[in-house]
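Asker: So the protein lines, in turn, are chains A and B. Each number in the numbering used here comes from the position in the first sequence (counting from 1) with 598 added on. Each number in the numbering used here comes from the position in the second sequence (counting from 1) with 598 added on.
Mixed in with the good hints, there may be bad ones.
You can't tell identical chains apart in this list, so a pair holds if it fits in one copy or across any two.
[Said to hold, decoys possible] Using 25 Å as the maximum straight-line C-alpha spacing, the simulated DSS-like pairs for lysine-lysine come out as follows: (1) K671 <-> K880; (2) K884 <-> K671; (3) K723 <-> K671; (4) K832 <-> K817; (5) K649 <-> K621; (6) K649 <-> K619.
Just so you know, these hints were derived from the structure itself, not from any lab.
Listed below are the residues making up each chain.
Protein chains: 2
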Amino acid sequence: MNYLSIDFGGTYIKYGVINEKEKVVYFNKVKTFSHCGPNFVLARLLDIIFKMISDFDVLAVSIAVASPVDPEKGILYNPPNLPGFEVFDLGKYIRERVPVPVFIDNDANLYALGEYFKGAGEGSKVMVALTLGTGVGGGIVFDGNLWYGAHGFGGELGHITIDPSGPLCNCGNRGCLEALASSTFLIGFVKRRLAEGEASLLASFRDSLTGEVIYNKAKEGDFLAKEAFRRLGKNLGIGLASIANIFDPDVIVVGGGLSGSREFFAEEMMEEFNRRALLSTKDFCKIKFSELGDLSAIWGGYFRIIQNIRR
Amino acid sequence: MNYLSIDFGGTYIKYGVINEKEKVVYFNKVKTFSHCGPNFVLARLLDIIFKMISDFDVLAVSIAVASPVDPEKGILYNPPNLPGFEVFDLGKYIRERVPVPVFIDNDANLYALGEYFKGAGEGSKVMVALTLGTGVGGGIVFDGNLWYGAHGFGGELGHITIDPSGPLCNCGNRGCLEALASSTFLIGFVKRRLAEGEASLLASFRDSLTGEVIYNKAKEGDFLAKEAFRRLGKNLGIGLASIANIFDPDVIVVGGGLSGSREFFAEEMMEEFNRRALLSTKDFCKIKFSELGDLSAIWGGYFRIIQNIRR
Chain A
599 MNYLSIDFGG
609 TYIKYGVINE
619 KEKVVYFNKV
629 KTFSHCGPNF
639 VLARLLDIIF
649 KMISDFDVLA
659 VSIAVASPVD
669 PEKGILYNPP
679 NLPGFEVFDL
689 GKYIRERVPV
699 PVFIDNDANL
709 YALGEYFKGA
719 GEGSKVMVAL
729 TLGTGVGGGI
739 VFDGNLWYGA
749 HGFGGELGHI
759 TIDPSGPLCN
769 CGNRGCLEAL
779 ASSTFLIGFV
789 KRRLAEGEAS
799 LLASFRDSLT
809 GEVIYNKAKE
819 GDFLAKEAFR
829 RLGKNLGIGL
839 ASIANIFDPD
849 VIVVGGGLSG
859 SREFFAEEMM
869 EEFNRRALLS
879 TKDFCKIKFS
889 ELGDLSAIWG
899 GYFRIIQNIR
909 R
Chain B
599 MNYLSIDFGG
609 TYIKYGVINE
619 KEKVVYFNKV
629 KTFSHCGPNF
639 VLARLLDIIF
649 KMISDFDVLA
659 VSIAVASPVD
669 PEKGILYNPP
679 NLPGFEVFDL
689 GKYIRERVPV
699 PVFIDNDANL
709 YALGEYFKGA
719 GEGSKVMVAL
729 TLGTGVGGGI
739 VFDGNLWYGA
749 HGFGGELGHI
759 TIDPSGPLCN
769 CGNRGCLEAL
779 ASSTFLIGFV
789 KRRLAEGEAS
799 LLASFRDSLT
809 GEVIYNKAKE
819 GDFLAKEAFR
829 RLGKNLGIGL
839 ASIANIFDPD
849 VIVVGGGLSG
859 SREFFAEEMM
869 EEFNRRALLS
879 TKDFCKIKFS
889 ELGDLSAIWG
899 GYFRIIQNIR
909 R
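Using the sequences and the hints given, assemble the complete structure.
Answerer: Have a look at this one:
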């Protein structure tokens, strides 16, 4: 008996098969080619599912999508990094074609669920998880359950206002955590400073800046690159303190691609967190980094299946 | 069969008796005289409880306290408006002396529970409630349950950072919602503007400013008083948008003493909320004002008893 868990992102489709003994028996990662549009991407997704169903005895499938999702039906709402999908009933589409139960959820939610049961949140009662990448995603888990809110859209921790006069966010708001603690923030910060004439190794990457380029230059000791990460750490610390005060969690788990650069922001993050969190929560709330890497949402999808099949 | 529900605040002790048909059969409100210290206040509290137990057939007692509370044991942690209590095991103290079950909780939590079952949150699945007064309290209710977090301190919505460089908050942080949407904010704002030389009816109240005074002058058309409320509305709107994005509630209920001044801040509050909340949450999340007034935490205490006795 095996379960197929897919992490369907804008850049990669990662997928793993986990057996009933909770062992990952297969894992792979392919490019999404999301710019080729929904028809191409959906065919790709179905290929993977059918290949896995024929190779393994797959009992159920979960799909973590980088999109606001109605977690009951599996409808996607305007995924920003999956162009052309707009409002799309992925649940219906997949269920009409695949002969086993299919569960669809937001990727940050399933990443959180994975970390709660198998990663940095293991053993906690209440856990909040943040993913830092192009944007900032969030998931909240209490007593093993995800917080969905009244309509399935809860946990948008990237859209807490951190600084009302801060930079514009993709959501249209100003100064969201997402606009202040993502690779988008790093790039914007560096561009602004370069435009102001600051000298930096990053000047020659002006038009091809990425989080990775900035990280690499920080490792080479570039001041501006390091400063961008320090600012990100401070902003993130403000967000973590608000999250701790609101939820009183045992653990906040910080993950996502950017968390690999923690050496350049962890100190400022903790400093600001300790400055701002309430005494009553600060002493109890640990800040940890994600432990599952590529597998976090894969594990989360597995637990999503197990929880729902048992019901 | 009756239940005694007490709302134990820094200024007033309000108490009500609710019968098994969910009818309020008695209500009263006396001054706390918290400046007289714990011994005096505790004797006063016990007097009320014994009087009610002898007059009515009281099956259980709930006490809503203006303090961080361990909701299982009933320990108070440094209630800011009950001087001398510091860390005090109110649960133990009352249970040793009172012969019926006693439940103790944070007042904002029980206010939220009351609004959820009997007030502006009636019929909702997920509700968040804010109280605006000297400070800002919060409570989160989902499927009839309060969000306590991992250690009982969850729901401190007054301590979300709204503006990292904003005014100092009582908690030591800068720019908390509490520092930007309370009567403390109104007073500080008016004082600063008066010190800058602004002309206002409030100038003669410089040393005796209260939320009520500012409200009264706003009603007389004073520009500075109205401006203070407008700023409060804008700040509150920022907080409400973060709360909506995080929780995806059906309703956010705004209550507390200051909510009576809504005519002077509701418009700016809604403007800022609509500017900042995500599309996915904004359309679903209603902002309502508290409907239960003095009785909200009294009702909440009743439901806290009922939920726990049924278990």
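Asker: How would you label the pair K884, K671 (within, between, both, or neither) given a Cα cut-off of 25 Å?
Answerer: between (35 Å within a copy, 24 Å between copies)
Asker: At most 25 Å between alpha carbons: which applies to K671 and K880, within, between, both or neither?
Answerer: For K671 and K880, only the inter-copy Cα distance (21 Å) is at most 25 Å; the intra-copy one is 38 Å.
Asker: Checking an output row: K723 and K671, CA cutoff 25 Å. Within, between, both or neither?
Answerer: between (28 Å within a copy, 18 Å between copies)
Asker: Using 25 Å as the alpha-carbon threshold, which applies to K649 and K619: within, between, both, or neither?
Answerer: For K649 and K619, only the intra-copy Cα distance (22 Å) is at most 25 Å; the inter-copy one is 61 Å.
Asker: Are the CA atoms of K649 and K621 at most 25 Å apart within a copy, between copies, both, or neither?
Answerer: Within one copy, since 19 Å is at most 25 Å while 63 Å is not.
Asker: What label fits K832 with K817 when the C-alpha limit is 25 Å: within, between, both, or neither?
Answerer: within (19 Å within a copy, 42 Å between copies)
Hint compliance for this structure: no hint is broken.
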